[in-house]
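Asks: Below are the chains, spelled out letter by letter.
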Amino acid sequence: MHEMGIANSVLEAVEKELQRYPGHRAAKVGLRIGEFAGVDSDSLEFCFEALVTGTPWEPLQLEITLCRVEQGRRGDELELAYVELDELQEAVA
Amino acid sequence: MNRVAIEKKVLSENDQVALRLRTALTDLGALSLNFIGSPGAGKTALLERTLQLLPYGTRAAVLTGDIQTENDANRLRRYGFPVKQITTSGACHLDARMVERHLGNWLDDGLDLLLIENVGNLVCPTSYDLGEDAKVVVLSVAEGEDKPLKYPGIFRKAELMLLNKVDLLPYVPFKPELARENARGIHPGIDIIETSCTTSFGFDHWLKWIAVRAEQKKASAKSFTELTSA
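Chains A and B supply the protein sequences, listed in that same order. For the first sequence, the working numbering assigns the number 393 to the initial residue and increments by one for each residue that follows. For the second sequence, the working numbering assigns the number 48 to the initial residue and increments by one for each residue that follows.
Careful: at least some of the hints might be erroneous.
Said to hold, decoys possible - Below, in silico cross-link-like pairs of lysine-lysine (DSSO-like), each with a Cα-Cα straight-line distance of 30 Å or less:
1) K197(B) to K55(B)
2) K408(A) to K55(B)
3) K255(B) to K131(B)
4) K264(B) to K55(B)
5) K56(B) to K420(A)
6) K408(A) to K56(B)
7) K55(B) to K420(A)
Treat the hints as calculated values from the structure; they're not laboratory data. Predicted, not measured: the structure shown is a model, and the values here were computed from it.
Bound conformation, chain B alone:
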């Protein structure tokens, strides 16, 4: 018997594709966000409202993952941006290869913002790097405040938590402060923004968050180009 140390990630194949995606997106200065949340948290509605309110001229594109149907892509297409549905036929998450395959020639024409809506699930998508700049976890007030405690993996990895459907707060027993406390207990540095896709509450704050991150990405792309051309 001969034991050989390997010391590599199980998903290193996925990570290689993710790295290739990240490099291509960084070259363009495009910000990429990976939206993860339970089914029904409001991910698609959130993207719809975001597309509607993006500053004029933003070159955005959307990939939306579901196990079956084109329904989400049909909803998202109404806003005039390129949208592609990724149907996973049973897989509970998106992987980097699916993203790469569906991007097609979107990167050729330049891009500022890539929004990726993952399959509704708080567990499996957490393991797969899609070459994104940040994971954004969507939690709605129709769920429990203890979701961050029950599914710590995604709340640790997400840079931002969108606490969605806050227009329902008068009708549900959800305590936003407790949800914040739970999320910060798992990940002290997580950003939290409250949103409502019905009233657009919080979208000024959320769009500002995107703008700051997009600016940082553009700046890093610029310094990257200077570095490689020097």
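Pulled out of the complex, with its shape left as it was, chain A reads as follows:
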């Protein structure tokens, strides 16, 4: 139910990250979601796509890794793992 807000927070975080890499655009963002995070990954993917489609973010992709409670994992993870960047010049060429 709150996946739209989460998707928006992901984009905000990516935007912040991009400020550190001028001349780049984000191609893919990786998320880690724990089994008890209370976030539905299908719904999150749907919301993310809805936010990205038809905006300058396109074709930014979302990759979700689900993690289960095991050694060292709390199960409530909702973390940005990585972002994949493309240089803008390459995209133009």
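Assemble chain B onto chain A, guided by the hints.
Replies: Coordinates of chain B only, in the frame set by chain A:
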């Protein structure tokens, strides 16, 4: 293609505000509790009875979240404590920014206890830290004993489960032992107290729980002040 590791929480913005709130509340020695439960579990009735029975002189304040209406705040205002309604206009949970915005100047006059009633929902509120000392999950005997199994997230994160409306037990097939077993299966360390807002059953136990936690908070605030002024 260039992959950059970020390794930060998606809700880190919320967590920063929550940290600021937690620090301000710790400075004051104020205990903050975040009440989460389904719509109809009895969260507002529970807060009403709690406000009524708090020890004389307790400086308490209440924030109550709902999607629409001031109804809950109007109910809670009758007990003489400051109360503010947070209407989320559709959002299914409270976030730390809403809490910070609505606290206003409450912290300026000193506070012992902040009670935050979240929007009725067992899923979304679980993800948002509101700077509280503990989440309290409210489950009523008019629901199913398997709620902890269906919504494990909140039962893992809550430090206390209030099993509410126990006055209805003679009329419903709910098995309290099974509910306890399910909750402890998900979170072995969870405290469980049975309450009835109609008869006040269990409120001595519940108020004692608050008193112990409030005492711990005051002590930690004191040691925090000593530490920072040393």
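Asks: Next, verify each hint and record whether it holds.
Replies: Evaluated hints:
1. K197(B) to K55(B): With Cα atoms ~28 Å apart, K197(B) and K55(B) stay inside 30 Å; holds.
2. K408(A) to K55(B): 12 Å, holds
3. K255(B) to K131(B): With Cα atoms ~25 Å apart, K255(B) and K131(B) stay inside 30 Å; holds.
4. K264(B) to K55(B): Holds: K264(B) and K55(B) sit about 29 Å apart, inside 30 Å.
5. K56(B) to K420(A): It holds: about 17 Å lies between the C-alpha atoms, which stays within 30 Å.
6. K408(A) to K56(B): Measuring from Cα to Cα gives roughly 13 Å; hence the hint holds.
7. K55(B) to K420(A): Distance ~16 Å between K55(B) and K420(A) Cα, so the pair holds.
Violation of the numbered hints given earlier is absent; every hint is satisfied by the structure.
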